[in-house]
Amino acid sequence: MTSVDNRPLRVFLCHSSNDKPAIRELYQKLRAEPWIQPWLDEEELYPGQDWETEIEKAVESSDVVLVCLSNGSINKRGFVQKELRFALDVALEMPEETIFIVPLRLEECTPPRSLRDWQYSDYFEGQRERALGRLLVSLKMRADSLGLKHGQPTPPQKMKPIEETPMQKKENKPEGNRFEKSYARAQKLVAEANERVQKNIEGRKPAEAIPVAQPEHLTTDWIAKNKLTLSNGMEFMRVPAGEFLMGSDTSVDSEKPLHSANIPYDYWLARFPMANKLYNEYLKANGKMILPYGSALRAFHDDRDHPAVDMKWLNAIAYCRWLNSIYKAELPSGLILRLPTEAEWEKASRGIDGRDYPWGNTFDKNKCNSGHSGHNGTTPVDFYSPQGDSPYGCADMVGNVFEWTCSLFMPYPYNRQNETERINNNLIAIRGNSYFSTAKLLKTFIRGQSLPSNNARITGFRVCLAPPVPK
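Residue 267 in my numbering sits at position 261 of the sequence shown, and the numbers go up by one each step.
What the hints contain is simulated information worked out from the structure, not anything from laboratory work.
Computed from a predicted structure; not experimentally measured.
The beta carbon of each residue, even a glycine, is placed where N, CA and C say it ideally should be.
Heads up, a few of these hints could be off.
As the list claims (entries may be wrong) - Here are the in silico distance ranges between beta carbons for each label pair:
#	residue 1	residue 2	range
1	V143	R463	47 to 55 Å
2	D359	P117	26 to 34 Å
3	D311	D359	41 to 49 Å
4	P117	V143	18 to 26 Å
5	N24	R136	23 to 31 Å
6	S260	E135	25 to 33 Å
7	D255	D388	51 to 59 Å
8	V258	P40	47 to 55 Å
9	N77	E48	34 to 42 Å
10	D388	V143	53 to 61 Å
11	D150	K233	21 to 29 Å
12	K233	D359	18 to 26 Å
Claimed, not checked - For lysine to any residue, the following SDA-like pairs were computed, each having C-alpha atoms within a straight-line distance of at most 20 Å:
#	residue 1	residue 2
13	K334	N238
14	K26	Y52
15	K146	S237
16	K371	Q393
17	K283	W328
18	K262	A445
19	K63	E49
20	K371	I358
21	K446	S260
22	K231	A247
23	K231	E241
24	K146	R37
25	K63	C74
26	K233	S254
27	K290	W328
28	K446	S254
29	K262	F415
30	K371	D388
31	K283	S237
32	K146	S260
33	K233	K146
34	K262	F250
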């Protein structure tokens, strides 16, 4: 595999179809630079491919998104607006000061409000050679930040002709992507995120160790002190930074060994799994009455307090991105809304003492919806709260429905290299089991696995408020 520092800088060209002539010219000039790999739809998309899916993949795997602006693209509704919204969602997960979105004006126009935080560049007709030089400086800075090798930019007038066919270009792309950074880089990002969290979480102090007794400490007052609530009513419970016991020595090989894992930052996990009434707000806001991954009607579902199910991994990811775009101003600096990692999920479920169930080490059918409970289906997300809550006040952590995480299903001992939001077709860890599971399968360390494209009546998710997962 080509090492990361030898791969080219990936640049996505977001543009309106009306601006194709200028964009084709820019594409060729960027392609003439051996250290840049531009992405243009008419060169990269092939017959039979899903347009929207492939463009979202391209944006997510890019190092830089050039948003090419004209009066036509700003005022025109269509795919360029979708590309821009998706790029903005990806930008939310980037460390501060990252050069990722670069507005590029093709003519005199006012950039949309969503882009006014970024310095734009002008690529006006008659001034394009100078504009290209300035643009290459920005791209070189981005390449430097990623540790990518590059030579001196080729003079703009020496354009390399396009000799390969689109299919040849597809086959000859170097392997690797921007998520393949070294573990040292990942550790640095965690440390930086943790430092921002400690400075900016509204003066909150790291929580002391939670008592293991259940549920006596989960009083109304305790929950209020450790809860964070968004304006849409979503409740999150605080989980303090530090080590905890993860896995088991008495289960199957994929759950062994029992080992110490460390989460070096405070985070908040949703108190309840995602319920229909909250997920319906997202569907209505995006004009969806029927979920895009099945035929389950949710917009006016009678079971408003039951967990949202039939959930593909990408649908859960899309929901989190939507939440970030809507509630960004309410979030503490350095934190985003996303799926929990497998470690975050397990610590919130079992505490620091390695317990088998959220409430202790003995199964109790009256504390979760399981195959022993007789419901034969889902129950409201707060049905077994607080008696079945975890040490941190999170409900329904076992039983009812499986929950997606953002971690790959990898062998233990756990480490943060097993986490990524760029999953493709790899197996993802799911947790919690469901309403038909027996006591043996409802333990807090039990791991499940699923392809991101799978969805089922027993699969849902819950949201985590935490630093971005290292890429």
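Do the hints match the structure? See the list:
1. V143 - R463: 47 to 55 Å: holds, 53 Å
2. D359 - P117: 26 to 34 Å: With a Cβ separation near 53 Å, D359 and P117 fall outside 26 to 34 Å, so the hint is violated.
3. D311 - D359: 41 to 49 Å: violated, 31 Å
4. P117 - V143: 18 to 26 Å: holds, 20 Å
5. N24 - R136: 23 to 31 Å: holds, 24 Å
6. S260 - E135: 25 to 33 Å: This hint is violated: roughly 58 Å between Cβ atoms.
7. D255 - D388: 51 to 59 Å: Since D255 and D388 have Cβ atoms about 34 Å apart, the given range 51 to 59 Å is violated.
8. V258 - P40: 47 to 55 Å: holds, 49 Å
9. N77 - E48: 34 to 42 Å: With a Cβ separation near 22 Å, N77 and E48 fall outside 34 to 42 Å, so the hint is violated.
10. D388 - V143: 53 to 61 Å: holds, 55 Å
11. D150 - K233: 21 to 29 Å: At roughly 43 Å between Cβ atoms, K233 and D150 fall outside 21 to 29 Å, so the hint is violated.
12. K233 - D359: 18 to 26 Å: holds, 22 Å
13. K334 - N238: Holds: K334 and N238 sit about 13 Å apart, inside 20 Å.
14. K26 - Y52: Between K26 and Y52 the Cα gap is close to 18 Å, so the pair holds against 20 Å.
15. K146 - S237: Outside the cut-off at roughly 41 Å; violated.
16. K371 - Q393: Satisfied, since the Cα-Cα distance of roughly 11 Å is no more than 20 Å.
17. K283 - W328: Measuring from Cα to Cα gives roughly 16 Å; hence the hint holds.
18. K262 - A445: OK: K262 and A445 at ~19 Å, within 20 Å.
19. K63 - E49: holds, 15 Å
20. K371 - I358: This hinted pair is violated, its Cα atoms lying about 23 Å apart.
21. K446 - S260: With a Cα-Cα distance of about 15 Å, the restraint between K446 and S260 holds, given a limit of 20 Å.
22. K231 - A247: holds, 17 Å
23. K231 - E241: holds, 12 Å
24. K146 - R37: holds, 14 Å
25. K63 - C74: holds, 19 Å
26. K233 - S254: The hint is violated at about 29 Å.
27. K290 - W328: holds, 12 Å
28. K446 - S254: Answer holds: K446 to S254 is near 13 Å, not above 20 Å.
29. K262 - F415: With a Cα-Cα distance of about 13 Å, the restraint between K262 and F415 holds, given a limit of 20 Å.
30. K371 - D388: Holds, because 15 Å separates the two Cα atoms, which is no more than 20 Å.
31. K283 - S237: Cα-Cα ~15 Å, so holds.
32. K146 - S260: Roughly 43 Å separates the two Cα atoms, so the pair is violated.
33. K233 - K146: violated, 44 Å
34. K262 - F250: Within the cut-off at roughly 15 Å; holds.
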